[in-house]
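Student: 1 is the number of the first residue of the sequence shown in this note's numbering; add one for each residue after it.
Where hints are given, some of them may not hold.
[Claimed, not checked] Okay, derived cross-link-like pairs now, PhoX-like style, lysine-lysine, Cα gap no bigger than 25 Å in a straight line:
hint, residue 1, residue 2
1, K517, K426
2, K426, K398
3, K216, K244
4, K481, K517
5, K481, K426
6, K517, K244
[To be verified] Restraint ranges, calculated between C-beta atoms of paired labels, are given here:
hint, residue 1, residue 2, range
7, L801, K584, 48 to 56 Å
8, T109, P209, 44 to 52 Å
9, A82, D567, 34 to 42 Å
10, G586, R275, 26 to 34 Å
Keep in mind the hints are simulated off the structure, nothing from the lab.
Remember, predicted model here, so these are calculated numbers, not experimental data.
Don't be surprised by glycine CBs; every beta carbon is placed ideally from N, CA and C.
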Amino acid sequence: MTLRRTLRSGVAAACILATAAPAGVVAQTPPRAAEALEVRVAQARSFSRVEFQWRGVARMTSRQSGQVLTLRFSRDANPDIARLRVSPPRGLKTAEVRHVGGVLEIDLTLDEGYEARLGQADGAAFVNIARKPDVATAKATAPQAVAAAPTAPLEPPPNRPNPVPGDGVVRLDARLEGAQAILRFPWAAPTGAAVFRRGDAVWVVFDAPARLDVEKAPRGLRQFSRMEAFRGPDYSAVRIASPKGTPVFAVSEGATWIIALGAGAQPQPSVINVRRDETGGPASLTAAVSGVTRIVRVPDPMVGDTLTVATALGPAKGLPSRREFVQMALLPSAQGLAMEAFAEDIALTRAGDLVAIGRPAGLALSSPTVAARRNEAPVGAPMPAGRPALVDYENWPKTGSGGFMSRYNALVTAAAEEGLDGQDSKVAARMALARFLVGTELAFEAIGVLNDVARQHPSLLGDAEFRGLRGISRVMARRYKEASADFSSPALANDPAAALWRSYLAGQTAQWPETRKEFAAGAAAFNQFPAVWRQRFARADAKAALEMGDLDGADSRIRMALAEDTDALEELAVRLLQADLAEKRGQTGRALRIYQAVATAPADYLSAPALLNATRIRYEEGAITPIQATAAYDSLRFRWRGDGTELATIRALGRLYLSQGRYREALEALRSAGQRLPDLPEALGLQADLSAAFRALFLDGLADGLEPVQALALFFDFKDLTPLGADGDMMVRRLVRRLVDVDLLNQAADLLAYQVDNRLDGVPRAQVGTDLALIYLMDRRPEQALVTINGTRSTVLPRQLNAERRLIEARALSDLGRLDHALEVLEREESGEARDLRAEIVWRKKDWPQAGQLFEASLGDRWRSDGALSAEDEGKLLRAGVAFSLAGDDAALARLEERYRGFLDEARNPEALRVALTGVASGPVGVGEFGRLAADNEAFAGWVAKMKDKFRAAAAPATQAAKAAPGAKPA
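Let the hints inform the model, and build the full structure from the sequences given.
Tutor: As structure tokens, then:
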């Protein structure tokens with residue numbers, strides 16, 4: 001028993017015990033807990049083993065020179081090898097340790113005639129030392145061993161057709177299907193089988209002695225590297241070299257047994273119930289194996305012992321994990337039962353569907369009263385689970401007769417005393433306390449203990465169990481980002497249990513491909529978890545399959561989850577996924593019924609998403625009105641908050657608000673939820689909805705129905721949503737146009753000023769600055785217009801934009817009375833607008849001869865065209881006449897009168913024009929009064945009207961482009 005406890009971490013180590021003679025076992029001294037490397041030694045009849053167990057990860061390489069085997073490890077340590085030097089096991093002379101360049105080397109000197117074989121098992125490196133085999137002796141060893149061993153009486157198979165084909169050969173059909181290797185064994189009739197794992201090998205044993213043809217099986221696959229067939233007098237078997245951790249499934253289809261290696265969707269076997277035989281007599285066990293057909297003994301040539309196997313007909317039933325007892329162990333199986341014996345007289349016998357496990361003197365089992373007294377006995381410190389990322393729910397939460405507080409206080413006291421030694425202290429008591437807290441799901445308390453011990457011992461961050469415990473605690477506390485950091489540690493990279501936690505975490509953060517990949521990687525540890533976590537892991541994978549469109553895969557995982565025996569609330573969480581699957585398959589009515597049923601659950605975290613989806617389906621089918629749906633969503637968003645359900649509710653509510661014209665409520669709801677829950681995966685979709693709603697309002701024209709002031713207020717309240725670039729510029733131009741139309745020039749200027757000061761650079765800033773200066777001029781604020789033009793200068797601007805900016809600058813200078821400077825700015829400008837502005841400036845200077853010439857020139861050949869004069873042309877004609885009259889240029893006045901006499905009858909103000917063309921002095925209106933008729937106000941009003949037309953023209957293309965954009969439509 002001492003040897004078995006010492007080597008219990010490795011399956012291969014347990015195999016040694018099956019052949020070791022109890023009297024020949026030499027117990028080793030337990031190592032110090034603080035050692036980084038533990039060296040273990042064991043000796044069996046045919047070979048010896050030296051095993052190296054590291055705390056953490058270390059890679060081993062080897063080289064051999066003669067009889068000296070040198071092992072080199074990737075880390076350094078000070079192992080205790082006194083046992084190897086003082087009393088070495090058979091086949092080993094001595095051992096030496098060297099420290100070379102920060103790594104450890106160990107020289108093992110072998111006796112003559114002995115050889116060594118190296119390997120890995122359960123994270124430990126081992127060296128098996130055995131005598132070099134003689135070929136003839138090796139061939140005869142297995143049959144002799146079988147003959148020498150005591151055998152259980154072989155019972156004849158039941159009356160059923162002979163399953164062996166006519167030619168006596170069963171030909172393997174092997175193929176790859178996705179990530180699984182599928183092995184099909186077609187028999188002539190149904191036959192019993194056992195499928196189990198032992199170390200790095202999967203055994204498939206049949207109860208009929210056919211020849212198994214596996215020659216065409218592929219080699220070197222990820223799922224298995226090779227296979228070898230065996231045949232005995234009453235069985236045939238295949239040993240498959242498959243990496244430990246590779247999932248194994250067995251399925252019977254008629255006369256064919258199908259073995260699947262690798263992660264994938266396969267039916268789970270029913271669990272064989274092994275219990276104490278209470279019928280009296282020597283202590284024994286019974287296992288209920290439905291359809292058991294035969295008990296056979298199968299030699300294992302790699303280990304050198306013999307396994308006892310119970311085969312059975314389908315459907316599959318097996319043991320999810322290894323069951324170890326004092327004198328034997330039951331191996332994990334996908335079908336049937338397999339036992340490795342530590343004592344020579346243990347046998348399996350069949351009686352109907354029951355398999356009895358016993359020996360003449362009885363098994364060494366606990367007495368029937370021990371279990372009843374356990375709660376009265378003192379409870380030891382919680383010990384590590386079988387894997388670093390497993391929770392031992394059976395032992396860790398035990399409190400003993402004193403109850404929870406007594407147990408808690410004892411563990412806390414031991415942890416506190418241990419921590420008094422500072423950095424030199426051990427960590428065993430604090431790790432035990434953490435295990436107890438995790439087992440009782442006191443997650444935050446466990447996190448505190450583990451963080452504290454990590455601060456004192458940073459090296460623990462490389463320890464697999466520490467990372468696993470803290471990661472599990474953080475998952476239970478819903479600290480998913482922190483938990484991901486723990487489970488991403490290299491120390492847990494190869495732990496299938498950690499892979500399941502990584503799958504679950506990926507599902508919480510909507511990383512669907514990662515969820516599926518890690519779930520497949522953790523299949524080997526799936527059945528080692530309690531039912532509630534098995535269901536949660538399967539649920540996460542089902543959700544990922546749904547999101548990725550794998551409906552059949554989702555259906556398989558949902559069925560797997562529903563098969564677990566958990567409480568009603570856990571099952572309802574699976575039913576939500578079942579409803580989602582039904583809806584994606586077009587079964588809307590069924591989905592609605594499930595949602596409505598779950599909506600009555602007493603837990604809001606279940607009823608809230610169910611009510612959300614039920615309301616959505618009823619609204620889409622027209623069963624409720626938009627107002628009713630809005631009321632339901634509005635109530636739901638305050639009923640349940642803080643996760644993806646709230647964000648989904650807000651998104652649905654925002655869409656309804658937009659469709660009802662409640663734009664401010666829609667934007668406020670969408671923005672508030674996104675700000676409170678920015679880290680949830682659903683927040684990205686909500687932010688996209690918010691941006692789309694803002695664009696629909698101010699780019700696609702949805703807000704055109706609002707009053708301009710209302711639209712402006714809405715825009716300013718959510719201006720941080722304005723997109724950068726051309727789209728944002730279009731939004732602003734459209735809104736500015738509406739404000740200018742109703743003479744809200746101050747508000748339009750504020751909107752453009754925000755763009756200039758906060759959002760733009762370069763040419764876009766200069767362009768918007770030009771529009772802002774123009775609005776300042778329209779609002780009779782020339783000083784701000786001039787400041788804006790000067791403040792938005794840029795070195796390289798388009799020629800047309802530069803010309804526009806010079807016109808605005810000249811007009812601003814003119815309005816400020818700096819007429820000569822204004823004329824200098826326009827000196828090289830020859831456009832029509834520049835000529836008109838130059839004429840206005842000269843008019844203001846009262847340079848009547850030049851003013852008359854410029855106004856007449858601006859009219860051009862208009863006198864040759866028919867039709868009434870425009871208001872602008874009338875103003876120019878009126879000013880030209882007044883200027884020539886005040887300049888005393890009668891000839892020019894007569895020329896104007898001759899050319900434009902025919903336009904007077906259709907003019908807007910014929911009397912004023914008639915006076916201007918005949919001479920101010922001779923008319924009925926005096927010079928002062930006539931000057932007021934031709935005042936600047938009229939010209940300014942005309943210019944403002946032209947500028948408004950310009951803003952309309954600038955905004956129209958943006959609107960048209962938005963409407964023409966693919967997919968652009970009101971929300």
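Student: Does K517 sit within 25 Å of K481, going by the straight-line distance between their CA atoms?
Tutor: Holds: K481 and K517 sit about 19 Å apart, inside 25 Å.
Student: CB of G586 to CB of R275, is that within 26 to 34 Å?
Tutor: Given about 47 Å between the Cβ atoms, the range is violated.
Student: Within 48 to 56 Å or not, the Cβ separation of L801 and K584?
Tutor: holds, 54 Å
Student: Need the status of pair K481, K426: alpha-carbon distance at most 25 Å?
Tutor: violated, 29 Å
Student: Has the given pair, K517 with K244, been kept, meaning a C-alpha gap of at most 25 Å?
Tutor: Within the cut-off at roughly 18 Å; holds.
Student: When you check the alpha-carbon spacing of K216 and K244, does it fall within 25 Å?
Tutor: holds, 23 Å
Student: Please test the hint of 34 to 42 Å on the beta carbon pair from A82 and D567.
Tutor: violated, 54 Å
Student: Does the alpha-carbon distance linking K517 and K426 stay inside the 25 Å limit?
Tutor: This hinted pair is violated, its Cα atoms lying about 38 Å apart.
Student: State, for the Cβ atoms of T109 and P209, whether the hinted interval 44 to 52 Å holds or is violated.
Tutor: holds, 46 Å
Student: Checking one constraint from the list: CA of K426 to CA of K398, max 25 Å. Satisfied?
Tutor: Holds - the C-alpha atoms of K398 and K426 are around 23 Å apart, at most 25 Å.
This entry does not satisfy hints 1, 5, 9, 10, going by the numbered hints stated previously.
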